[in-house]
Amino acid sequence: MSVGHGTMAATKQRPRMGRVAAWGFMTLIILVSLFPFYWAIRTAFSTNSALFTSGQSLLPIQPTTINVEKVLGLEPITAGGATFDFTTVLTNSVVVATVITIGQVIFSAMAAYAFARLEWPGRDAVFLVFLAGLMIPPIFTLIPNFVLIRNLGWLNTLPGIIAPFFLMTPFAVFFLRQFFLGINRSLEEAALIDGAGHFRTFFRIILPISSGPMFTLAILTYITAWNEFLWPLVVGREREVHVFTVALSFFTSQQPGIAPDWAGLMSGTMIAALPILVLFALTARKVVDSIQFSGIK
Amino acid sequence: MKKTRLIAFLAVFSLVVAACGGDDGSTATTAAGGSATTAAGGGDVVTIDYWLWDSNQQPFYEQCAADFEAANPNIDVVISQFGWGDYWDGLTTAFASDTAPDVFTDHLARYPELVASGVLVPLNEFSDRDGVTDIYFPGLADLWTDPEGNRYGWPKDWDTIAVAANAAKLDEAGVTADDLAGATWNPQDGGSFEDILKRLSVDANGVRGDEDGFDPSNVETYGFGLEGNFGAFGQTTFSAFAASTGFEFLDKNPWGTMANYDDDRLADTLSWFRRGIEEGFIAPLEDTQSLGGMTLYQNGTVATMTNGSWTIGGYTGLEGIDTVFAPLPEGPEGRASMFNGLADSITTSAENPEAAWEWVKHMASPECQEIVGGGAVVFPAVPSATEIAQETHAANGVDVSAFTVHVDEGTTFLFPITSVASEIEAVIGPVMDAILIGQETDPYAALDAANEQVNAVLGG
Amino acid sequence: MAAAVAEPTRRKLGDLKVALIFLFPALVGFVVFYLVPAIRGVYISLTDWNLLANEGEFIGIENYQAVFEDPLFWNALKVTGVYVAINIGSQTILAMAIAVMMDRLTRSVTVRGIMLLPWLVPNVVVALLWLWLLDKNVGVVNTWLEFVGIEPIAFFGRPNWVMPTIAGINTWRHMGYTALLIFAGLKTIPGSLYEAAAVDGATETEMFRRITLPLLRPVLALVLVITVIGSFQVFDTVAVATGGFGGRPGGPINASRVIYLYIFENAFSRNKFGYAAALAVTLFALLLVVTIFQMRMLRAGESDLS
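Same order as they appear, the protein sequences are chains V, U and P.
For the record, in the first sequence the residue sitting at position 169 is 168 according to numbering that gives the first Met the number 0, with numbers rising by one throughout.
For the record, in the second sequence the residue sitting at position 447 is 446 according to numbering that gives the first Met the number 0, with numbers rising by one throughout.
For the record, in the third sequence the residue sitting at position 112 is 111 according to numbering that gives the first Met the number 0, with numbers rising by one throughout.
Read the hints as simulated data drawn from the structure, not as lab findings.
C-beta atoms are modelled at their ideal positions from N, C-alpha and C, and glycine is treated no differently.
Each hint can be trusted.
Computed Cβ-Cβ distance ranges for the label pairs, DEER-style: (1) U:SER400 to V:LEU27: 52 to 62 Å; (2) V:PRO137 to U:ASP97: 12 to 22 Å; (3) V:THR90 to P:GLU205: 47 to 57 Å.
These stretches of chain P come out as covered by chain V in the derived footprint (C-beta under 8 Å, 3 or more residues): (4) 30-41; (5) 120-129; (6) 183-195; (7) 214-226; (8) 254-268; (9) 279-289.
Assemble the whole structure, with the sequences as input and the hints as a guide.
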């Protein structure tokens, strides 16, 4: 009896200790994830010239909103005159990221189905070639793709920025293939035996059943498209087609003087990150829910 | 079945594309740089794409362009500004894809490689025909011709180096601006300049660098800061000191065929910097590495530093810091400031070189340069325009004579021009780091070896 | 008789027709934006291509010979290797821990959202942010270090610190993202397996080793393959963080000249595009070997579930 009691207590005690340690770890991770952002915001609302002399107060130093106003074009910058054309940049980024996401996820899912579920000669070899696409150094693709876009007359247009990512990325195909591999075959086989074609099986069974990974991929794709820098910089230099990353880079490189304006830089950074954070905040529940409830098993 | 799918897909794709394109129909036309479009009033209007990197100068070039367009109604100048970081990579991509601007601001360290790749248009014929001659500060125009005498630019501005000093720190140390201006330097004991730097250095206990008990491992304020890493040419850093010993980068400049990095006077100079870092009167390279010397200066970590005339506005714009400029210290062979300048070049992508030349000619003219001079951002290449810049500075209460004195007294040396500047940078840059960090303890041997590598590239 | 012949042919071709339709859009994208440029890149690596003039002469395998004799190439490989080892090691372990704990501790969307936050910002911004945080003189991290009695560290200015620092920054950026992927994989493991194991008296560690790890294999393979490839191609963080405002990308000395930075320098600054292409092909070949090895090791094509 006493022995039994002892074990009971021990088993109760150990998980509780473990839980405390685990929560401690999680709290640390959360703090580490958040702090740099807090610091950026604190810097954005500080007076730039005071940043270097007034120590490391956790609160903004000589609080001001002038940096944010400068970025938004509400307050003129003395030289150069660089601001975000906020609505244009926002529209461009949203259009680019949305179109890329829709195209890439659908077409990659179709390809992934062909790799994961259909039987055809040379399948694995072709898949390996696709996979190898992940390893093609971007420096190879940058210039030929640029020339292609120029020949199409799409320089400084949104289609030019979208095109290379619209039909597929090796990552998206690979990602969905790995998830499709895990889907229980029996459902699908039943449908096929019932006479449903591959298309109906794909759209009616595979897609709904893998909405979790699909949604996850969509979010990942959206964010990747949003953060894409080198390509839109090269093909979309005109102000009218600036996306956030490019606008930010132009903003930072047009700072007057020669010492970096950290307060202005951090304002620009935070404003550029804001829309994606809002979007994420709005959809986060959906992402998590879809992963939890309609997960692939 | 397959065919209809394909058509359906293409239709969807083109719809999406058209939908996106519709939003920005206007950009397609503005993007067509360099091509001729028909103006409403009849006659062809030529668009000239012009790139520059300095946003501070853009308003003044916009003014030049407005005047130019008024005088040449058939030419439309479109100015694009890209930050220094994006500028050269962007230009390379543009050349590789035939989308280069017609005219761009060119740099002495870059143009020889562009010439070697055959993407710049020689200006000789145009200049001879229109009687454009060298009306600039002596020596500047010579930098833009290759060994065969082909000219690739007419100068637009120039820059020199001087010492920027924090006036409050000078006061605290009891050093006057005149002390600094009259300082002498040599690589062995650092001369009176080293005395001043030590005097300006303060450790955590408030002990100054020239007092007993100074702790070089715990310095609060360094007498001198490095603008950035040295690189191969040290324009704002070691070059002024090395050249004041009589050191020259190349056997002849421009277009030398042998480098002199094995000159002991260079190693002497670098050893002095290393000693300064060890003795705590020069800020270590690692402090400068990430945010740059300007941040250290702003932060009060360094009391003085050398920097280029294009940064004058950066110093005078610092809130809470009063900066005085002093000429470089006098070395064993006198003062020596690197003399560098920019010019405008025409690319082979220009569809209408004639119109491009008209724009280049305008920017090289006193008329445009005097407008730029009025902005007091840089010193224009035409002397009359530089006078205007000096007057504007003086009116703003900034004494820039520390920079102009080098030109007035002829104590300048030209930026070393070779066709392999980036190769030299790749070889020498890391060696300089290693010497300053102290990882390379024998600068003489290291520079001998590096010089052999450089000469192999230069000779080949 | 006819049917008997037709049957095997159909088997052999299987679903080829359907597969082609499913593959078509992705195939077009792949060929146009990946395959053709890659083949062109391989050709360029056999020339002395000048990017500015956009032309070059065929010189055979000269570039490749030069690559293997280039001490800076081997240095770049070493630097990159150190980076990959530190980055992948720390990132995978942390992500795994986070995913398992998220799975066990909390259903909170906010917690998961916060973890993903660093991944939402572009690399360039992340580099700037950390440059600002970690600077020796004005960075807040060094102020804290000083407060607890540690001498300020020039994270980006010391040859021994720079690569571990950058690896750490990218671990910070990617751990939440990687954890999310692993977490999605964890959700595919039927809870009934754990219940059964618990009934059999298995401990948490045993369950992790016997159930979680093996069943996580397809997703783990995905995660490792993707992150290792991405890690080998690290570029913008290094360029921005080591270039900074006073540094030299790749510095100090050559301590952070990772392979991709070296490729970029050759192509864009030193105007040796042919040589850069040869370096890129070499990197590609290396990645291919590493990936095939990983796929074999992890038997990525199979799931123990089906």
